[in-house]
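A.B. asks: Assemble the whole structure, with the sequences as input and the hints as a guide.
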Amino acid sequence: METRANTPHSHPSKKGTIAAIVILQFAFAVAAAGILPAQGQKAGSTHEQTYFSEDERLQRPVPLPPDVLNVLLKTDEVKDNLGSASPSQRSNPSSLFRAAEVHLHAPDVIDFVVIGRSPMSGADNTWFWIVRSARGKPQVVLFAGSNSLEIMASRTNGYRDIRCDWASANHAETTTYKFNGREYKLWRNKIGSARELVEPRDFGGLAIFAYTGPPQQSSLWECGNPRFVRVSKGCGNRGKVRV
1 METRANTPHS HPSKKGTIAA IVILQFAFAV AAAGILPAQG QKAGSTHEQT YFSEDERLQR
61 PVPLPPDVLN VLLKTDEVKD NLGSASPSQR SNPSSLFRAA EVHLHAPDVI DFVVIGRSPM
121 SGADNTWFWI VRSARGKPQV VLFAGSNSLE IMASRTNGYR DIRCDWASAN HAETTTYKFN
181 GREYKLWRNK IGSARELVEP RDFGGLAIFA YTGPPQQSSL WECGNPRFVR VSKGCGNRGK
241 VRV
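Take the sequence shown: its letters are residues 1 to 243, numbered as in this note's numbering.
Any given hint might turn out to be false.
[Stated by the list, open to error] Below, simulated BS3-like cross-link-like pairs (lysine-lysine); rule was C-alpha separation at most 27 Å, straight line:
{"no.": "1", "residue 1": "K137", "residue 2": "K185"}
{"no.": "2", "residue 1": "K74", "residue 2": "K185"}
{"no.": "3", "residue 1": "K178", "residue 2": "K79"}
{"no.": "4", "residue 1": "K137", "residue 2": "K79"}
{"no.": "5", "residue 1": "K178", "residue 2": "K190"}
{"no.": "6", "residue 1": "K74", "residue 2": "K190"}
{"no.": "7", "residue 1": "K74", "residue 2": "K178"}
{"no.": "8", "residue 1": "K178", "residue 2": "K137"}
{"no.": "9", "residue 1": "K137", "residue 2": "K74"}
[Unchecked claim] Here are the simulated distance ranges between beta carbons:
{"no.": "10", "residue 1": "Q59", "residue 2": "V109", "range": "33 to 39 Å"}
{"no.": "11", "residue 1": "G158", "residue 2": "R188", "range": "18 to 24 Å"}
{"no.": "12", "residue 1": "N157", "residue 2": "S193", "range": "17 to 23 Å"}
{"no.": "13", "residue 1": "R135", "residue 2": "A169", "range": "40 to 46 Å"}
{"no.": "14", "residue 1": "H47", "residue 2": "S91", "range": "34 to 40 Å"}
{"no.": "15", "residue 1": "S84", "residue 2": "S154", "range": "35 to 41 Å"}
{"no.": "16", "residue 1": "N189", "residue 2": "H47", "range": "24 to 30 Å"}
{"no.": "17", "residue 1": "L82", "residue 2": "R60", "range": "24 to 30 Å"}
{"no.": "18", "residue 1": "N170", "residue 2": "K137", "range": "39 to 45 Å"}
{"no.": "19", "residue 1": "W187", "residue 2": "K74", "range": "23 to 29 Å"}
For the record, the hints were derived by calculation from the structure and aren't laboratory data. Ideal Cβ placement from N, Cα and C applies to all residues, glycine included.
C.D. replies: So, in structure tokens, the structure goes:
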């Protein structure tokens with residue numbers, strides 16, 4: 001039997017070693033490529049809440065900073081209704097509000113959507129305050145009463161537009177606000193009729209209402225198709241389900 005001497009030529013060649021290293025490097029690169037997109041997707045999946053209503057849960061509620069509370073307490077709406085608050089609410093006025101962070105203008109500037117709690121809210125008419133620069137020099141730039149408030153993707157003067165929806169058993173209303181450089185101002189208001197779609201008894205006491213404005217007025221509808229329906233219990237008309 002022929003045997004080979006244990007010479008350097010009997011060991012793996014340098015080319016083989018280099019090939020193994022290249023394979024390992026490629027494997028690590030593939031693994032890293034799989035990890036990085038996953039991390040990017042995880043970070044990108046965290047979206048800022050843009051739709052708010054009395055019944056909508058705040059995804060990331062935040063406490064009111066003292067400076068924000070102070071500017072709210074100076075607004076006419078709060079001053080006119082603070083006397084209707086309970087003694088415990090007056091001693092802790094921050095309990096009258098819920099708040100969430102939004103970004104209306106720049107990613108490094110935090111703004112607030114503030115939602116009032118009774119008595120800082122109306123019947124079927126939630127009160128909203130938009131506070132600019134909440135972590136700097138806060139300023140109330142919009143007060144609105146509606147069923148819901150939505151921060152839109154469109155912008156005016158660098159700030160995102162805001163839309164408010166309100167509806168009753170008889171009509172529905174959509175109001176759009178745009179930033180004029182100092183505060184939000186009414187830009188457009190559309191009103192349409194509403195009709196009851198089903199009898200309350202058909203759904204065990206639940207009545208469903210939907211906006212049925214003319215097709216040419218497509219603020220909430222496109223050719224008569226609903227953007228949302230309202231769901232209520234008994235004779236009331238609170239609650240909204242988007243479709």
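A.B. asks: Does the structure break any of the earlier hints, and which numbers would those be?
C.D. replies: Of the numbered hints, 6, 10, 12 do not hold.
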